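Chains X and R supply the protein sequences, listed in that same order.
Each step along the first sequence adds one to the number in the working numbering, with nothing skipped, and position 97 is 97.
Each step along the second sequence adds one to the number in the working numbering, with nothing skipped, and position 223 is 223.
If you're looking for bench data, these hints aren't it; they were derived computationally from the structure.
Bear in mind that the values here come from a model prediction, so they are computed numbers and not experimental data.
There may be inaccurate statements among the hints.
What the hints assert, rightly or not - FRET-style restraints, in silico, Cβ to Cβ:
#	chain 1	residue 1	chain 2	residue 2	range
1	R	GLN90	X	GLY12	49 to 57 Å
2	R	GLU141	X	HIS16	30 to 38 Å
3	X	THR92	R	THR321	42 to 50 Å
No residue lacks a Cβ here, since even glycine has one placed at the ideal position from N, Cα and C.
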Amino acid sequence: VQVVRGPTPFEGFYRHQYRPVLALAHVLSGSPSLAEEVTQEVFMAAYRQWDRIENPEGWVRTAVANKVHSWRRRRYAEARAFARMGTGRQSTVDEMPVETSHFWAEVRRLPPRQAQTIALFYLEDQSVTKTAEILGCSESTAREHLMRGRKTLAERLNVEKRT
Amino acid sequence: MNLDTLARLHAEEARNTVTNATVPPIAQITDGRRPRRMVAALAWTAVAAAAAIGAVLLAGPAPDLTPTTLTPAVTEVPVPVSGVELIASQWTSHEVRADGGPEIYASSVAFVGPEGFVITGFTWTLDAGIQTGWWKSAHGETWEVVSDSGTVSPDRTEAAGIVAGEQGMVAFGTHIWFSANGTDWTVVPIEDEGSPPTRGIALESGDYVLYGNDLYAGGAARVLFSEDGTNWDIIPTPVDFSAMVQLDSGQLVATGGKASKPMTWTSTDGKAWTPLSDDHLISQGRGVLVTTMVAGGPGLVAAGMNSDGEPTFWTSVDGRTFQETTSFPLAGPTAEDVSREQPSVQAIAVGQEWMVAVGNTGFSFGTVDPAIWVSRDGVVWEAVPVDLIDRIVSLDHVTYGGSTFVAVGSRNARTVVLRWEPSSS
Numbered sequence: 001v002q003v004v005r006g007p008t009p010f011e012g013f014y015r016h017q018y019r020p021v022l023a024l025a026h027v028l029s030g031s032p033s034l035a036e037e038v039t040q041e042v043f044m045a046a047y048r049q050w051d052r053i054e055n056p057e058g059w060v061r062t063a064v065a066n067k068v069h070s071w072r073r074r075r076y077a078e079a080r081a082f083a084r085m086g087t088g089r090q091s092t093v094d095e096m097p098v099e100t101s102h103f104w105a106e107v108r109r110l111p112p113r114q115a116q117t118i119a120l121f122y123l124e125d126q127s128v129t130k131t132a133e134i135l136g137c138s139e140s141t142a143r144e145h146l147m148r149g150r151k152t153l154a155e156r157l158n159v160e161k162r163t
Numbered sequence: 001m002n003l004d005t006l007a008r009l010h011a012e013e014a015r016n017t018v019t020n021a022t023v024p025p026i027a028q029i030t031d032g033r034r035p036r037r038m039v040a041a042l043a044w045t046a047v048a049a050a051a052a053i054g055a056v057l058l059a060g061p062a063p064d065l066t067p068t069t070l071t072p073a074v075t076e077v078p079v080p081v082s083g084v085e086l087i088a089s090q091w092t093s094h095e096v097r098a099d100g101g102p103e104i105y106a107s108s109v110a111f112v113g114p115e116g117f118v119i120t121g122f123t124w125t126l127d128a129g130i131q132t133g134w135w136k137s138a139h140g141e142t143w144e145v146v147s148d149s150g151t152v153s154p155d156r157t158e159a160a161g162i163v164a165g166e167q168g169m170v171a172f173g174t175h176i177w178f179s180a181n182g183t184d185w186t187v188v189p190i191e192d193e194g195s196p197p198t199r200g201i202a203l204e205s206g207d208y209v210l211y212g213n214d215l216y217a218g219g220a221a222r223v224l225f226s227e228d229g230t231n232w233d234i235i236p237t238p239v240d241f242s243a244m245v246q247l248d249s250g251q252l253v254a255t256g257g258k259a260s261k262p263m264t265w266t267s268t269d270g271k272a273w274t275p276l277s278d279d280h281l282i283s284q285g286r287g288v289l290v291t292t293m294v295a296g297g298p299g300l301v302a303a304g305m306n307s308d309g310e311p312t313f314w315t316s317v318d319g320r321t322f323q324e325t326t327s328f329p330l331a332g333p334t335a336e337d338v339s340r341e342q343p344s345v346q347a348i349a350v351g352q353e354w355m356v357a358v359g360n361t362g363f364s365f366g367t368v369d370p371a372i373w374v375s376r377d378g379v380v381w382e383a384v385p386v387d388l389i390d391r392i393v394s395l396d397h398v399t400y401g402g403s404t405f406v407a408v409g410s411r412n413a414r415t416v417v418l419r420w421e422p423s424s425s
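Just chain X, same shape as in the assembly (with noise of 0.2 Å):
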């Protein structure tokens, strides 16, 4: 008797989020490299932890959050890692239009809670509340990143800020 297995809850979550993680991680590091890294990274650690997570979702997105942000906060020693990493690698990942890279290189220049509220919000067209219960944070002060993040973007972009 051939026995059939199915996915297992995990398997069917990685193979539904793996993608639009990686593309959080691209746009909060710039690098596809990186983002790869960082996203398989936590994915793997996601396993090990599964039976303790109760919101995957939120908690992958967190990590690849937090593991970016940690490797600009600590400039020196993680960025010296990651810059051997990303020797001679090969991406799986496309590179982006060069406007559409100007414009999440703005992104970036944020402080690094607005950077992620504002990804967060466009890139996974995610709601204000599930931006702040991502990010640990009332959602009161993920509009408030919001707000700032998307006047700043709009003063050096040159466009107008619709509210």
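Please arrange chain R on chain X, whose structure you already have, making use of the hints.
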């Protein structure tokens, strides 16, 4: 086009970049295996994080949190550290900020003699983005911005470190800056117009050596040498040095190399470097990182992260043979482990009777664990339960001067200074 429309357009383009991205086989994730190209490029950060998590998972029961102290290679009996609670109560906290001013992030602090202390780092404002900055203080309590801290650049400028030598102060990051007095800073050109590395040391000879990688350009290993802080020569280097120290004998010792094999190198002048043999590896463990070394204790004290990803101290009499003396095992795993910043000792300052080290034992939003350790001899280290660090996001550097330790960190986009003036014992 308004921002919403523009953002949604570029969000769509960003999502398109992963449409054809390879989703690694599930077994690769569940088995914790990585494709060959990743293995080849694996950095010590990932190794250390995975090792820390994996070791604890494999071990099953929670790890013994008692600090491991090995027998040091010294003849004198170490003076036991005592009264850390008393020491903890003697630290004071000070902020570097201006109401309505920019967000301030400190990278490094140096004692510059009669002028007191200088902090370097960067500011962030809506208009100027990230711009390097300097702040001065006579005693580490009240800080003022250095008004002539350079013109605002259209590009990002950021100082990662500062060293004070006989001829003046050198700050380095996206550029090299020099100041004779800590107030007037000028950008110093580099011969090949590249970016400087992000670590530095001022030598007894009056020379300066910058080492590490040019983080802001591409991560290439570099060594720059200068006799006066303003004219810099590029020194060919085979390795990305992670820490460097000058012993009392004048000999220079540096560590660096692959994460799997952190080598020790020596030099007499900072320009010609000789690797020591495998017999002199600071540790045989994979993923070891030495982040800082100072002259002190039995000869030199090194610190960083051991192969288990734990904040660790080593000592050496001669810079050739090292011994791990104290490490601080981490608790875990927790949900935050995946986002943990590498736990490590970041900097050590040597005072008259005490040494102080700062670093962190973890990092993530909502869970921050900056740490302060003290030692009398560089061999036995003890964590100091400073309540003041509870809300600090990170402790990045520490220095000593004028009988005072000054450590810098950050909290909510403000730079925080922790200050300790030990009483004579």
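Hint by hint, here is what the structure shows:
1. The supplied range of 49 to 57 Å is met by GLN90 of chain R and GLY12 of chain X, whose beta-carbon atoms lie about 55 Å from each other.
2. At about 54 Å, the beta-carbon gap between GLU141 of chain R and HIS16 of chain X misses the expected band of 30 to 38 Å.
3. Between THR92 of chain X and THR321 of chain R the C-beta distance comes to about 46 Å, which sits within the given range of 42 to 50 Å.
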